[in-house]
Amino acid sequence: MTSTTQSLGAGPGADAQATLLRFATAGSVDDGKSTLVGRLLHDSKSVLTDQLEAVERASLTRGQEGPDLALLTDGLRAEREQGITIDVAYRYFATARRRFILADTPGHVQYTRNMVTGASTAELAVVLVDARNGVVEQTRRHAAVAALLRVPHVVLAVNKMDLVDYAEPVFAAIAEEFTGYAASMGVPDVTAIPISALAGDNVVEPSSHMDWYGGPTVLEHLETVPVSHDLAGCPPRFPVQYVIRPQSAEHPDYRGYAGRIASGMFRVGDAVTVLPSGRTTTVAGIDALGEPVDSAWAPQSVTLLLADDLDVSRGDLIAPAADAPPIGQDVRATVCHLHERPLRIGERVLLKHGTRTVKALVKELPYRIDLSHGLAHQDLPERLEVNDIGTVVLRTAEPLPMDPYAVSRLTGSFLLIDPADGATLTAGMAGEAFAAPAGAQAPAGAGADDGGWDF
Amino acid sequence: MTTTVAHPEATGSPYALTHLDALESEAVHIFREVAGEFERPVILFSGGKDSIVMLHLALKAFAPAPVPFALLHVDTGHNFPEVLDFRDRTVAAHSLRLHVAKVQDYIDDGRLRERPDGTRNPLQTVPLTDAIRELRFDAVFGGGRRDEEKARAKERVFSLRDEFSQWDPRRQRPELWSLYNGRHAPGEHVRVFPLSNWTELDVWQYIARERIELPRIYFAHEREVFARNGMWLTPGEWGGPRDGEPVQTRLVRYRTVGDMSCTGAVDSDATTLEAVIAEIAASRLTERGATRADDKLSEAAMEDRKREGYF
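Residue numbers (the numbering used here), protein chains in the order written: chain V, 1 to 455; chain G, 1001 to 1311.
In isolation and in its complexed conformation, chain G is listed as follows (with noise of 0.2 Å):
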């Protein structure tokens, strides 16, 4: 049985699940959900530890078949070299079809601006989803969960995006049961969201259960760094550091993978996944709280770049 049963005295019977068991046979049913009633779906793959469970979920989900979906990685021309390569070598060993929106590509014509503070994860959006038009992508899954952030405790496991992928909050669907309605007109997209009922520590206590790769970056190492509003940042041709930002070497780790401009590295120790989970279950921030810039521009960052066609 490869199904962990709990203690039946813990859970009043031998059937329970344990929580873990039940996330993945949840996120497993979405994704065959949307492989039996979509045309094009694709996988946003970052090589952040939540896409990695993605993808993972959806190798089990389909085996011994292969995944039936290409990845989509926006690249913000910003991301940790260690990530893009782990990237192409999960692409490589699963023969996986990737896709690149580049932000840069856009930078370089003209159809971006670079923003004064230098951060490029705002810019992501358009590059998704002319990528999404232009590939006519109806189903894109997203690694969100819905304990990250406020906005996205309200968002549903299926999100209908309009023609300009806006997600509008008032006008969502109720979903019910396990009854996951993916209608959409053409042009409208679905996006879908298999973890949205995991926390971080879930994503943790399964990667350590299912023993799966990360990019090293996750665990702690010794690492230049600056100091910028109040989080260690990587120097790097994106911007960093400036004047009076004076370069250290600590010990550090990630705890999201996201644009180098915007994503802070903590001080930990945790050279291990049980170090790791430890680390996280003592800690007093959340993971956006602790790492990403770009939720504290406002109140409603993260709604607002939503609603925008952001994930």
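This is chain V alone, in the form it adopts within the complex (with noise of 0.2 Å):
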């Protein structure tokens, strides 16, 4: 425990060495979770004077006594004119031991796009719960965003504790609520951690009202939990960004295929195939950003030079040629969506996944998912609406390698765009939403083969 301490007054003078953790916090109005996220910011020395400042001299303009900590998260006029968080802010800070980057969701009507787009890039999601009220409706939907969004770590914090006399039983029974709610779901890891946002228990500093709780501080998860996925469960994928040709006079027959790795790992000699057109070759090179390296893994930005001289351009996918995602026109995937106007049957649209961009048409709604009600399905929905989650089979015009979710999360995750004025309009997750759904007749834990989710 004095490690964290210790980290701490290292200060954000982090070494240079940390890795990053991309986390997003879930919590309705009065969970408390502005003062959460004050804490870790102030508590990790991540507010700066003229910002507190700047936050007092507001506080005092609008006629409140002490400093209104949410004028630190509400960046934007209207935001602070009417008292109200209109979107997803990024927030950074750091320890010693790692930086972070804090997509803060906020828990307001327009609430399910807001947390899926925070959750889409996250490796972590703190669910914050009240624990005078337990697990509510609210709850539920954050935790199946969670699933749905396929975040590795979910932290249940359950807050206020010092409202429930720091009650052992009390936390138990929502952690065991909790858990056993995420894990129909499919969601692989729950950590629960009792605390007072407020008081500052368990928050950065181990509570000395709780000694019944053996586990870390929610920072000391934070900065400890694995940011690394198990690249051995993961196909490698490499979607094609750009071809780089200088056709100078150094360089005369350079011929490179710039991207980022989106999952796996490629090595010098690899025998890969180039989707859609199929053909094979092997990995001749690989550069690492000017540099030659024998192998690269995600999420690394490189670029891989061929044996053969194929016709490859951006929007193909090189994927080893034992190990490639299916390619079809018939997409059926879990969607959420983002935008006010509705999404219809025969709607037509075009889909962009990894580097290529596609006209697509909307077949069929088969059904929509109710968060709020134990996933409960409604049948053949006439369309979509904002906020709304279903599923979608889209008819693609062209032939797409596309992994479900489950398998990677940026090969299997798509936009639907409205081809008239470029809106965003859907977000898309290739395959089933959940890992296990609900009502499912597999005994529980029956997933557990696959070793949770790999990305």
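Treat the hints with care, as some may be off.
Derived coverage of chain V by chain G (criterion: at least 3 residues anywhere in the stretch with Cβ under 8 Å from a Cβ of chain G; other residues may be distant) [said to hold, decoys possible]: (1) 257-271; (2) 410-420.
If we take Cβ atoms under 10 Å as the criterion, some of the chain G residues that face chain V in the derived model are [claimed, not checked]: (3) Phe1062; (4) Phe1164; (5) Leu1201.
No lab work stands behind these hints, which were simulated from the structure alone. All residues carry an ideal CB built from backbone N, CA and C; glycine is no exception.
Assembly of the complex is requested from the two constituent chains, each provided in isolation within its own frame, with the hints serving as guidance.
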């Protein structure tokens, strides 16, 4: 425990070798999310004097007595005027061990799409619960979104323990109910922590009020949770972004395929196939931003050189010849609709998958999921409204190499775009929504053979 | 292996990237996305550290080919001579194409008027948006970071601007995974921020790791300065000092580089990269709080300028 204090003592002068953790917070209005975020920022010395002074000035102008820490996070004029949070904001803080990018997702009306946005890049989600209220509808929705987006780690922060006399049975009951619910949707890893964000119990410093709790504080857990993914379980995927051809005197024949490895590892000598053409060749070389290397892995940006002179361009996908994704023009996916304009059957859209954008037609809307009531299905909805989560069947104009989202968060995800004005309409995840959907006949833990989720 | 792998014990995996490698990889991905999707991108280049890091990343992203973008500098007419010199040497060293839009030209022919407070920073917006329109740029890279300011914390990596270059924070496109939507109508353009997720300290650590050269005013040096609004400003033709603002020689450095009228120096004895990094890590002020007068004009100064087309 002292190590946390020491690392904080080192302050945000964090080591250049530290790793990066992206995480998202979810919590409804009165759960104390702002207090928790404020405490993490403040206690990691990430709120600097001039920012605090600006908040104090603004609070005073509004006639408030003390500084309103919500003003630290509500950055826009309309947000301050209306006292609401409009949008996901990203915040940055650091300890000596790790740098953090926090997707601060507001708990208000446009709730689901904001959490989906924040969770799409998160490796960990913190779900806040008020100890007095326990698991409520909102909590189930948070858990469902984390499960849907397949965020690898979930933290249940049972807040306001000071208001329930720091009683262990209260915490244990909430933790058990939440963990059971999350497991039913296939969330592989839940860490439950009893906290008081206001009093500071178990956020950064261990609580002296809860001797019965032997686990990590929130910050300690954030600092130590593994950020890397099990590469052995991930099929290598390389979406070609851009063809580098200097055609200079020094590099007359250089033809490199630039991209960011979406998953897995590539080695010089690997037999690969280029999709959708299906032609095969081997990896002749890998340049890691100008330097040749023998191997590279996700999420490195590199340039692949191929042994044969194939026709490869932006939008193609390079994968191992023996482990390529399925190719097809029919996509069945779970989607979150993001735009006020609803999504209807028969609509013509653009589908952006990796580095490729193709035309697509919305063929069917098999069902809509109600996250608030135990994942009830509404069959054959007429359309998906903003914040709706449902299943969509699409027909694409060209074949796409698409993995199930369960296999890869990057090669299994896509956007639907309005061809008329370019608006981002819908976020899509190929395949079924949950690892073990509620109501499935399989006994709990049946999916454990897969070893959880691999990204 | 050029990529530094953190010690397995610290990260749980030999494959975890360090935070600098992760940020670098993300920024390179953003540069390549723009190269793949747009017709006429341009990099805003001021000679300041963030734009220098941007250019360095662009050079790495397309190596061994040259950077497929031109540079654009909005010259307020009140730039530090050391920085203009650095700008021109950089452009020559990499055989780049530089466009310069000059605030002074606009003042000279009456299209813009000097402000009573003498600062020209807000005046940059008009020459910038004119240059984007006249030269038909459809993607404009900026070095803005979300940690700089709370309006910027809400900024997307790809930020759509209308034909007036306006930013509407309520109509931003949601941005998920690393799928950036660059669709835009003719006349519209997209501002792109590859350093969105970097902090000031990340930028300095990366500069140190990559041994990137910077204008010397970022390091402590003796300079004639005078105090105004709690900042050390450099005297010059831009309009300082006034009566009652005595000039003195101090050991200072700059944390940001911008218009001389509103960019302040900080007292510092940090003459090396290591000393600068140690100083920033210990500082209790943000870089803008320490050195930018224009952000203090109102609570929403940055947001208001961004709405009009500023970065």
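So, going through the hints one by one against the coordinates:
no., hint, result
1, 257-271, "holds (count 4)"
2, 410-420, "holds (count 5)"
3, Phe1062, "holds, 6 Å"
4, Phe1164, "violated, 17 Å"
5, Leu1201, "holds, 6 Å"
Checked against the numbered hints given earlier, this structure breaks only hint 4.
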